[in-house]
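Q: Protein chains in written order, with my numbering: chain A, 1 to 247; chain P, 1 to 254.
Note that these hints are calculated values from the structure, not bench results.
From the three backbone atoms N, C-alpha and C, an ideal C-beta is built for every residue, glycine too.
Keep in mind that the hints are not guaranteed to be accurate.
Label-pair distances were calculated between CB atoms; the ranges are [what the hints assert, rightly or not]:
no.: 1; chain 1: P; residue 1: Gly68; chain 2: A; residue 2: Glu166; range: 36 to 42 Å
no.: 2; chain 1: P; residue 1: Asn185; chain 2: A; residue 2: Arg117; range: 17 to 23 Å
no.: 3; chain 1: A; residue 1: Arg44; chain 2: P; residue 2: Pro134; range: 53 to 59 Å
no.: 4; chain 1: P; residue 1: Phe177; chain 2: A; residue 2: Ala171; range: 57 to 63 Å
no.: 5; chain 1: P; residue 1: Pro113; chain 2: A; residue 2: Pro11; range: 23 to 29 Å
Quick look at which bits of chain A chain P covers, simulated, 3 or more residues with Cβ under 8 Å [stated by the list, open to error]:
no.: 6; segment: 102–112
no.: 7; segment: 171–180
Simulated pairs of lysine to aspartate or glutamate, EDC-like, Cα-Cα distance not exceeding 16 Å [what the hints assert, rightly or not]:
no.: 8; chain 1: A; residue 1: Lys241; chain 2: A; residue 2: Glu141
no.: 9; chain 1: A; residue 1: Lys241; chain 2: A; residue 2: Glu142
no.: 10; chain 1: A; residue 1: Lys174; chain 2: P; residue 2: Glu131
no.: 11; chain 1: P; residue 1: Lys251; chain 2: A; residue 2: Glu134
no.: 12; chain 1: P; residue 1: Lys96; chain 2: P; residue 2: Asp254
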Amino acid sequence: MEKQHHLHLLPGDIGETVFLPGDVSRAKIIAEHFESYKLMASNRQYNTFTGMYKGIKVSVTSTGIGGAGAAIAIEELVKVGARNFIRIGTGGMIQEWLPRPGLLVITAAVTGDGTSREYFPVGYPSIANLEVVEGMIASAEELGLVVNPGLEWSHDTFYAGSPLSELDILAIEKPWIDAGVLIASQEAATVLSISMARNCRGGVLLVSSGCHQAPNEGATEEETAQAISDATRISLETAVKLYKLDH
Amino acid sequence: MNIKIALGENMSEEHRQHHINLLPGEAASTVLIPDDSGRVQLFAESMDEAEKVTQKREYITYTGKKGGTQISCTSTGLGSSPTAIGAEELVRIGTKNIIRIGTCRAIQSFVQPGDLIIATGAVRGERATEELIPIDYPAVADFRIVRALIEACTRLEQPYHLGIVRTHDALYLEAPFAAGGRPANVQQWVDLGVLAQDNETSALFVVAGMQGVRAGAILLYSAAPHDKGLEERTRVQMAAGIEAARILHEKGLD
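Given the sequences, and given the hints that come with them, work out the whole structure.
A: This is the structure we're talking about:
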């Protein structure tokens with residue numbers, strides 16, 4: 001097999017579980033939590049590191065921002081042997097009661113992204129894999145970390161759903177806020193939908209420094225960096241649990 | 001028999017729900033909702049003790065005990081409209097867990113008549129919930145109820161299918177026995193891996209999700225309504241729903 005068109009990966013280059021940050025630089029930060037790691041390929045926004053953790057092979061691939069780029073990554077990762085996808089990302093919380101920073105286990109996503117719509121017709125739910133959700137919650141508990149499970153709103157236009165926007169984002173987000181959706185970001189629905197379409201396990205763990213209702217009252221950069229590290233530790237323990245289910 | 005539930009403080013007749021005819025506190029925190037009003041009798045027979053609480057239109061409520069766990073059962077009638085009403089009103093009286101006990105029509109060849117399906121989510125092919133929230137919102141079962149239903153089937157040594165179903169509003173348009181209908185409509189859902197179709201599940205999941213209560217569904221593939229074997233399978237299905245309610249209680253999720 002020739003190496004994959006965008007990711008430049010070959011079969012054997014990755015573990016069964018692949019972590020998917022959006023941020024290109026975060027792939028290495030996540031890999032530094034492995035017991036060992038090596039850069040397998042780097043092309044465009046796609047940086048892939050593979051290493052070992054507690055005896056299992058794990059990988060991380062950065063996807064860049066947005067569903068379209070994440071979908072390409074998942075499709076090519078499936079072709080080289082990935083079975084479980086865990087997005088480790090960031091977003092903006094839309095419920096004021098959530099802790100800041102927040103660690104959110106996404107159970108399902110609002111499919112405001114175009115990519116999910118192309119894979120599945122309107123009305124088809126984008127759902128996280130049960131074993132991944134349970135694995136994340138159990139791992140967080142073992143690590144003494146607080147996570148909140150719930151829904152994410154995925155959408156394609158950052159500047160129509162961010163405090164940095166000039167639009168009235170709370171009006172845009174009102175249906176989702178009223179329905180108790182926890183957080184806005186751009187990739188969860190895509191990761192969950194494409195995982196479903198390819199019969200893989202998909203899950204999403206999001207970190208957020210603050211909420212859209214109170215943009216100036218967020219966690220510090222240090223606190224948020226620690227939360228991303230915590231999310232990585234939870235995800236690694238989840239990967240170990242998934243491995244035990246399969247082997 | 002003492003299965004009366006204490007009414008909440010300051011509850012008066014003005015809090016009685018318009019259709020289900022219940023006051024806050026008049027049902028257990030876990031309620032099983034069959035669409036078929038005939039199933040509430042089966043619920044009562046399946047419990048250690050149970051009594052009828054109220055009846056109005058297609059909404060009949062029984063409350064009972066099984067192994068010390070208090071559980072209620074409210075029929076909703078067939079279709080997304082009455083299911084959405086029933087779910088909404090159950091939330092208003094303080095229900096925490098709603099489990100649909102319904103029938104469905106499988107569209108995958110590997111699902112046989114009499115098989116049980118635990119729904120993880122539902123395609124929103126109905127229109128009731130589009131009045132509540134845009135179509136992008138997912139109709140998804142609560143993962144804790146999905147797990148409770150899986151554990152219930154395991155305890156009862158019953159196999160089950162786990163996956164997505166599709167809810168729509170016109171059974172006789174897409175059923176295989178449709179007369180002048182469009183049964184070919186279902187092919188796209190077959191191709192997308194949808195296990196079965198019914199007329200209620202996505203309405204429950206959306207209403208419960210928006211209101212922050214847990215919901216789940218265990219469906220029985222009923223192909224021929226007069227199939228004698230179906231009666232026994234219906235008992236098994238009800239037993240699984242009751243067992244799931246007990247498991248939620250054991251986990252402190254009620």
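Q: It remains to establish, for every hint, whether it holds in the given structure.
A: Outcome of the hint check:
A C-beta distance of roughly 58 Å is found between Gly68(P) and Glu166(A), which places it outside the suggested range of 36 to 42 Å. Between Asn185(P) and Arg117(A) the CB atoms are about 19 Å apart, so this pair conforms to the stated range of 17 to 23 Å. Range check, Arg44(A) to Pro134(P): about 33 Å between beta-carbon atoms, so the 53 to 59 Å window is missed. Taking the beta carbon of each, Phe177(P) and Ala171(A) are about 48 Å apart, not inside 57 to 63 Å as hinted.
Separation of Pro113(P) from Pro11(A) is about 42 Å and departs from the stated range, judged on CB atoms against 23 to 29 Å. Residues of the segment 102–112 of chain A with a Cβ under 8 Å from some Cβ of chain P number 6, which satisfies the need for three, so the listed coverage holds. Only when three residues or more bring their CB closer than 8 Å to a CB of chain P does the claim for the segment 171–180 of chain A stand; here the count is 5, and the claim holds. A distance of roughly 14 Å separates the Cα atoms of Lys241(A) and Glu141(A); the hinted pair therefore holds under the 16 Å criterion.
The hinted pair formed by Lys241(A) and Glu142(A) meets the criterion: a straight-line CA distance of about 12 Å does not exceed 16 Å. For the suggested pair Lys174(A) and Glu131(P), the alpha carbons sit about 15 Å apart, so the restraint of at most 16 Å is met. Restraint check: the Cα-Cα separation between Lys251(P) and Glu134(A) comes to about 14 Å, which is no more than 16 Å; the hinted pair holds. Of the pairs offered as hints, the one joining Lys96(P) and Asp254(P) holds, with about 6 Å between alpha carbons and a cut-off of 16 Å not exceeded.
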